[in-house]
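Each protein sequence line maps, in turn, to chains P and F. Using my numbering, the letters of the first sequence correspond one by one to residues 1 to 131. Using my numbering, the letters of the second sequence correspond one by one to residues 1 to 375.
Rather than coming from a laboratory, the hints here were simulated on the basis of the structure. Among the hints, erroneous ones may be present.
To be verified - Here are the simulated lysine-lysine pairs, BS3-like style, with alpha carbons at most 30 Å apart:
(1) P:LYS73 / P:LYS110
(2) P:LYS31 / P:LYS127
(3) P:LYS130 / P:LYS75
(4) F:LYS131 / F:LYS315
(5) F:LYS222 / F:LYS287
(6) F:LYS58 / P:LYS73
(7) F:LYS67 / F:LYS5
(8) F:LYS131 / P:LYS71
(9) F:LYS315 / P:LYS73
(10) F:LYS315 / F:LYS162
(11) P:LYS31 / F:LYS5
(12) P:LYS73 / F:LYS115
(13) F:LYS123 / P:LYS71
(14) P:LYS75 / P:LYS49
(15) P:LYS110 / F:LYS162
(16) P:LYS73 / F:LYS131
(17) P:LYS110 / F:LYS58
As the list claims (entries may be wrong) - Ranges between beta-carbon positions, derived for each pair:
(18) F:PRO69 / P:TYR76: 31 to 41 Å
(19) F:ASN29 / P:LYS47: 43 to 53 Å
(20) P:PRO77 / F:THR367: 46 to 56 Å
(21) F:LYS315 / P:TYR76: 17 to 27 Å
(22) P:TYR76 / F:THR38: 16 to 26 Å
(23) P:ALA39 / F:ASN29: 48 to 58 Å
(24) F:GLU127 / P:ARG74: 52 to 62 Å
Said to hold, decoys possible - Okay, the calculated bits of chain P under chain F, using three or more residues with CB under 8 Å as the criterion:
(25) 7-18
(26) 43-56
The beta-carbon is built from N, C-alpha and C at its ideal position, and this holds for glycine as well.
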Amino acid sequence: MRKSDFTILVADDDPDYLFQTISSLERAGYKTVAVESQAEAESVISKLKPSLAIFDLMMENDDSGFILCYKIKRKYPDVPVILATAVAHETGISFSLDSEAEKTWIMADKYLEKGIRPEQLDQEIMKLLKI
Amino acid sequence: MAVLKVLVVDDEPGIRSGVTRILSHFHVNYPFMDEDYTYEVLEAATGEEGIEIIDRDKPDIVLLDNKLPGIQGTDVLEYIRNKKYDIVVAMITSYASLDVALKAHKFGATDFVPKPFTPQELKSSIENITKQQYLKRITHKMNQEGKKVRYQFLSVLSHELKAPLNAIEGYLRMMQERQSGDRIEDYATPIERSLQRIQGMRNLIMDLLDFTKIRLERKEEKIEEVHLSNIASNAIVTVRPYAIQMEVTIDLAIKSDAVMMADPTDMEIIFNNLVSNSVKYNKRGGKAEIIIDENESEVIIVFLDTGIGINEADKEELFSEFVRIKNEKTRNISGSGLGLSIVKKVVELYNGSISVNSAPDIGTTFTVRLPKKTN
C-alpha cells in the first residue's frame, strides 16, 4: 500500500499545530482529516474509519485525548492511535506507555511530545501502519 | 475492555459462589468513557486467606464479611489501609451494628452490602464502586496532594508558552525549507500567525509578572489618592484597538468620581484585567460598560458585558489560579488563566470583594467592592 492509501485523522485545538501537522502529513503523501475539537473528532469517528489517528491530549477537556483514544479503540480496535501533547515531564506528570498499569488505561499505541520533527512523525506513523 | 479483580472474603461458601455467579456475566458501562468493565472474582473463606490473596493478586475491589472465623473483617480492612493499597472495600454484613459500621468507616470502607443480598443489590454496589475506581484512576496522577496547583501552573505554562514556541518554530521551518516556494508573499499566513502567537506569549509573561508582583507585600509608600475614573479611562484606551477589532463598544458611567487611597498600579491591574475580559469574552458587536459608584463606606465598580457568559459550574473555579474555562466558545481566546486570580488577590489586599453574575450567551457582570478605609 502507498501512503496515499492511508487517511490520518488529526485532532488538535491549536490551529497552528493542526495546520502544520496536516501540511507535513500531506507533503509526506498521506490523506488527512483535520478537526479542532474532541466533539468534531467524535463525529468524524462515527462516520469514517481512519487508518490512523493523532489526538492532542488537552482540548476542550483536559482529558479529551484519553477519551478519544477509548472511543476510537472501541469502534475500531485495529486503528493505531498517537496521543500528542505539549504537557511534558516538567509537570511532574509524564504519561508513558511503558508501564503495564498505564497501558491498561491509556488506549494509545504511541505517546508523542509535540514539537517533534515532521520526519520523525512520519517514521512513527510508518511503523504503526507497517509501511 | 477493562477487568477489575473482585475478592470476596466470606466464610459462607454460598455467598462466595453467589458473588462469582452474579458477577461473571456482569459488566458496567460508564457512559462518559464508553468503556466496559468486567469482573474476575477471587474467593477467600477467612481473613487470613484474604490477606494472602490481597498481597499476591492486588484486587481492585474487596467484598468483606465482618464476622469471620479467625481475624475479623475490620482487621482485614485495617491491614489494607496500613499497606496503603489502592483497593475499594465494601463490607457485606448481615447486621450492621453501629460499632462495626463506625470502625469500618474509619478504616475506609466505602460501601455496605446487606446480607442476604439480591443480585441487583450486589450489582448496583459494584457499579457504584466501579465508577469511583474509574474516576480515581483518571484523576489519580493529577490530584496527588499538593501537586494540583503545580500541575495547573506547569500545564498552563506548557500550553501557553511551549505551544506558541512549537507553532512559531514550525512556521519558521516551513519558511526555511521554502515549502510554499521562494516568494515572501506566499508566507503571509505563517508570518501573521507567528506574530499573533508571540503577542499571546507576551500577554502571558505580563500576567506572570503581575502575579509575582502581588505576591509581595503592598508597599505603603506607593499609596496615593487615585481617581478611579482616570484609571478606568486609561484601561479603556489600552483595550480600544482590540475592542475596535471585536466591534465592541465600551461605555464608562461615572456616578461618583470615587477617590481611593491606593497604589495606582493595583487599581490598574483590576481595571485592565476586567475591562479587557469584557471585550475578550464578548461577542462581535457587543457592549461593555463600566460603572463607578460609591456609598458611605465603599467604592463599587461594576463591569458589565454582553458576552458569552459563564455557566454555573464554571463559576466556582473562575477565580482560581491557572484556571481557564475551556469550551467551544473560549477555544480561540488566548489567556493565561491568571487574570481573575490576580484581580481577586489585589481586591483582597484592599479588604474588598469581587463577585460575578453571569448567564451563558447573555453576559457577565463583575462587581468589585473596595472599602474606602483600609487598615
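Now for the hints, and whether the structure bears them out:
no., hint, in the structure
1, P:LYS73 / P:LYS110, "13 Å, holds"
2, P:LYS31 / P:LYS127, "17 Å, holds"
3, P:LYS130 / P:LYS75, "21 Å, holds"
4, F:LYS131 / F:LYS315, "26 Å, holds"
5, F:LYS222 / F:LYS287, "34 Å, violated"
6, F:LYS58 / P:LYS73, "27 Å, holds"
7, F:LYS67 / F:LYS5, "22 Å, holds"
8, F:LYS131 / P:LYS71, "17 Å, holds"
9, F:LYS315 / P:LYS73, "34 Å, violated"
10, F:LYS315 / F:LYS162, "28 Å, holds"
11, P:LYS31 / F:LYS5, "43 Å, violated"
12, P:LYS73 / F:LYS115, "39 Å, violated"
13, F:LYS123 / P:LYS71, "25 Å, holds"
14, P:LYS75 / P:LYS49, "9 Å, holds"
15, P:LYS110 / F:LYS162, "21 Å, holds"
16, P:LYS73 / F:LYS131, "20 Å, holds"
17, P:LYS110 / F:LYS58, "27 Å, holds"
18, F:PRO69 / P:TYR76: 31 to 41 Å, "51 Å, violated"
19, F:ASN29 / P:LYS47: 43 to 53 Å, "22 Å, violated"
20, P:PRO77 / F:THR367: 46 to 56 Å, "53 Å, holds"
21, F:LYS315 / P:TYR76: 17 to 27 Å, "39 Å, violated"
22, P:TYR76 / F:THR38: 16 to 26 Å, "21 Å, holds"
23, P:ALA39 / F:ASN29: 48 to 58 Å, "21 Å, violated"
24, F:GLU127 / P:ARG74: 52 to 62 Å, "19 Å, violated"
25, 7-18, "holds (count 5)"
26, 43-56, "violated (count 0)"
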